[in-house]
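Chains as they are written, first to last, in the numbering used here: chain D, 1 to 635; chain X, 1 to 361; chain E, 1 to 217.
Hint data in this document are derived by calculation from the structure and do not stem from the laboratory.
None of the values given here were measured: they were computed from a predicted structure.
Yeah, the Cβ is synthetic: ideal placement off N, Cα and C, and Gly gets one too.
Facing chain E, a subset of chain D residues (Cβ under 10 Å, in silico):
hint	residue
1	LEU117
2	SER140
3	GLU144
4	ARG170
5	LEU246
6	SER362
7	PRO369
Capping the alpha-carbon separation at 35 Å, the derived lysine-lysine pairs in DSBU-like fashion look like this:
hint	chain 1	residue 1	chain 2	residue 2
8	X	LYS10	X	LYS356
9	X	LYS10	D	LYS603
10	D	LYS531	X	LYS10
11	E	LYS134	D	LYS603
12	E	LYS214	D	LYS365
13	X	LYS255	D	LYS531
14	E	LYS126	D	LYS603
15	D	LYS531	E	LYS126
16	X	LYS10	D	LYS421
DEER-style ranges, computed between Cβ atoms:
hint	chain 1	residue 1	chain 2	residue 2	range
17	X	ARG320	D	THR581	46 to 52 Å
18	D	SER566	E	GLU157	25 to 31 Å
19	X	GLY285	D	ARG397	41 to 47 Å
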Amino acid sequence: MKETTKNQVLLMGNEALARGILEGGASFVAGYPGNPSSEIIATLLQTAADLPVHVEWSTNEMVAAEAAAGASFAGLRAAAVMKENGVNVCADFLATLAVTGVRGGYVVVVCDDPGPLTSSNEGDARLLAQALEIPIMEASTPQEAKDMTRWAFQVSEERSTPVMVRSVSRLSHGRAGVELGVIPEPSRSAEFDTEHPLLCLPSVAAISHPLAHDRLRAVQKDFEDSIFNDYEGSDAPELLVISSGLSVLYAREAVSTLGMGDRVGIAKIGTVWPLPEGRLGDVLRRSKRILVVEQIEPFLEEKVRARHSDLAGELGDRDIYGRRSGHIPETGDISANTVADALAAIMGGGRRLNATFAEAASEIKEDLPLRDISFCRGCPHRASFWAIRTALELDGRNGFVAGDIGCYGLAAGPTGYQQIKVVHCMGSGIGNASGFGVLRDMGMEQPVVAVAGDSTFFASCLPGLINARNNGADVVFVVLDNSVTAMTGFQSHPGSSFGPRGEPQEPLRPETVCRALGVETSVYDPVADVKRVSEAVYDRLQRPGVQALVLRRTCSTYEDRMRMGSSAVAQVDQEICVGETCGCDRFCTRVVGCPGNRWDAEKGKAYIDPDFCNGCGLCVELCSWDAISLTEGGE
Amino acid sequence: MERGLGRLKKEVLSHWLCTACGACAGLCPYIVTLEDRVAGVGECRESDGDCFRFCPRTGPVEGEGDSGLHGDAGYGGPVGSYESTGIARSGRRSDGFQYGGAVTALMIRALRDGVIDAAVLTTMGKTGPKTITATTEEEIRACAGSKYAVAPTVSEVNRVRRGFGGRLGVVALPCQVTALRKISEAEGQEASGTIALIVGLFCTWALTQRGWGALLGEEPGPDDLGRVDIPPPPADVMEVDLRGERLSLPLREVKEHIRPACRVCLDMTAENADISVGTVEGREGWSTLVIRTKVGRELVERAGSQGDLEREELDQERWRHLQDASLGKKERAIASAEVEGDMEPLPFLLAVSRVKEQIQR
Amino acid sequence: MGGSTVSETQGEAGLERPFNLIIAGVGGQGNVLAIRLLGSALLAQGYEVAVGEVYGLAQRGGSVASHLRFWKGAPRPPKVPEGQLDILLGFEPLEALRLLTQYGNPGTAVLVNADPVLPIGALLGKFDYPDVSKLLERMRGLAQPVVTVDAGSVSRELGVPQAMNTVMVGALAGSELLPISAADLEAQIDLLMNERVRNVNHEAFAAGVRAAVKAAD
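Kindly produce the complete structure, drawing on both the sequences and the hints.
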């Protein structure tokens, strides 16, 4: 992190959150990779390397939350970091943690993904926080993300409750100037007070719950005076915007664009739950018209309505606009223009739009081809799904693949030949297959293949695998082992050959685990052995029970980054290439679809871009005319 | 009208009635084979493909009259067209020749005389029948014996044809024979890898490769299966030599593993071959020959005159019985095709149903 | 190109309305580093800066748009509001046109590297990549000026095709559309990049400046 003349650093929201965790005095940070949160721990692994702070990628978010809590119980400050879905995963633990309370300050940093921009669902962690009875704060800028996180540790420790700090993608990945604070000297020694056990048990539940509520009430009092709640605008504006998080900036920009600064006030709420009721009451007094702007669900909006209902006798009517009224769309990402349009609909006036440009632009936009995402060149998943697809076609019983989240999830699309037909969350592929695989007596004739990546295997697949084995389900379970947690940025996991800071690590092998569970498992290189793999998958599809295959080959993009892998490139013999005629019809470029394999429309032949080719050799294996070969070359 | 992979999949390849003869495979990367399965992977946009042309279940080339193709491609009498019949047995007896060794003798004679430069035959592989190309007499002899399961033989023919400048002889099942005849007629006499000789085997049905495993409780290896025999009624069993031990499998159980494609097959006697060869009931060691073409006739005559084959007449009773059996298979196929065709009106099933009008007993 | 664009649209002293820039490209083209160079340089000059990006699936061949805004005043969201784009830096022509239709207005200045990167759909033969000259024509129909910079060839000539992004940043500097000097911008190379790659990036930057000056003639 480099300094600038203004004593500010251009930091990403996630970098600011990481800094906030350190400034808050944390000694233990754990998480699982998940976009848009992954940079927080990645940054800490680098920057906190020389500090007495334990930073880890845990096996999954549940373990991360539990491990961090261990540090908190020992009196240290700790943080658990995850994307929104991660909160779903550790909900059971967080719910019970809220019941027992914490010792050292404990902050859960959550990054939601409105849109969603890269996630599979558009979840709002604030709803969960309330359900779990955990206070939540929401940051608007990178500066605030840092400062809020630091404060969150203090609140958490004083009130003995876990606290959530929430960000969203555009804040996490957006950059702005941040003034850094001080990282405190470590001063604590880890020790667990056995005189005061932390028990979430039926025998004490009746006592624990009200105590937890007392803690929440205390936090709510803290929130009344928080500097993170603010107001800008005139004393009694025509319209009051109530907003939290990044939406505050959207509101501010909208008001500025429309020139409504004297007519519209903005109440910023940083301490989202439990909402400071006194503060909210003050805000509600300012105007008869209120627009609530937030992401993703109408969480604040419902609280505002409820609070108004409490105070209606005193305040009289209010017009409350937001998602309920349709002024803010129910789902999807919003922007300053969304808010500007809502303001215009309520107050009149509007953005000056260049109608000619808009019309011309929308016509053109419709024609522009979309840029589908695809497996990278050399990606072993391409070969794996080619082999699976071939095996399922040969089998002929309309079999299909149930998968889950990761780079290989792209196999639901054209790049993976649309093989994956069922996807939900981490580990759900083998879980679903465990159900599909016992339906034969109910008429199910289709065989099922479950796929999971290596990182996902350790994170979430074991209970599903054990269940399938135990219930005698007919499943072919394929573990796609590319050595890293690739989609989220090539992080290390227990099956990697390197640790979180790049140090050598003895990898835990999926096949060792499968075999220990009594599941017959074979291991192949999906690219070099692509034909044998399709035969093996076909063979396993004919057999009852759980059959496992581990397809192991390092992620090609990771290889390039690390300057590993061969320097070979593939080459198409222009004499032999059959091209578009019968017997080929551009099989390699058009059907197999590696982006390094291109089509020369003028010559009517395939060729390989040597700068792009990874040298994996899949095209060499699959060209049935033997027109492609590998040559040593390149730097 | 489109006559490529898309239509082939739609009408034959993606369905249970594909015989896995392999005629469509080995021509391009889109069609793959494994054990006794053939499948199309990916979409090819070729609108006039050899895959569709050579398939035995896409009918004769449209627009032509009687193409002279019979079996699954058309009706030409109870056993198709032929020049003459007879029975024969190998002039040389030794172990491993189940039904008289006539086929082996014919192929060796053809190789010796230069009628063919290589023979495409089926042997037993590690997990089931496997098609190989033999260029020596020893290799030909090693392939003797019935398999009761299939391999996609014609895909091997396609593969060999590509680079081979010589003439090929093929021993094949009726479905494969129909494909081979289509290939042979399409390419003419001058093309490389000419199919110079087609010897067809009588066939009532075949079992799936994995079905063998289910019946025997294990997957038989290459040297495990000896004689496989279905004695005449009232015996209701299939007798199998498994590593010297003789097993008696109830025929009812065996038939559960008959390949679905066989249920709608019209061709018992390989009607499109040069020579068709089957058993002679009640005369162990002898083969029934149906000689259909000039090529077939000349080869059988030379084999006889050179002492490779001992020859006799086929008696009237057996001849009638053969025609009855062949018609019986056609009638069963038609009955199945009518039922299945009602549920799935695939063109081949409808074509089989229409043969009913042509049959005169 | 003149250096007056900023002051004309923004007013003299304050940049009341943020100045908006987007880099449009494809995953792997170096958007992130380019936008950081620009953002850090502007922050160093005392502006409020917001940079916005979308990560995650970009690496796998998808579109990438990096937003940059600078102004003086209270914090603003990183996302450029639709219709308020001042400069479009196109690393790829199809993406440049796409982003222009989404965020542009007739006054948007466009600098585009006209080297297409084929989407996987074009490779699979689902569609033909549109004619690049048509893409440029359509851009010119929407906004002016549209200047092509042959950043791809320049970077390849230097032997580092990955430095295309720095060539484009250099071209932006050379076009004088931003209120910072080329020197101030170039200084960020030493502050943000690895020692190993600084020299070649300085060369790429300089080549970009030359290309812009040439295009203006």
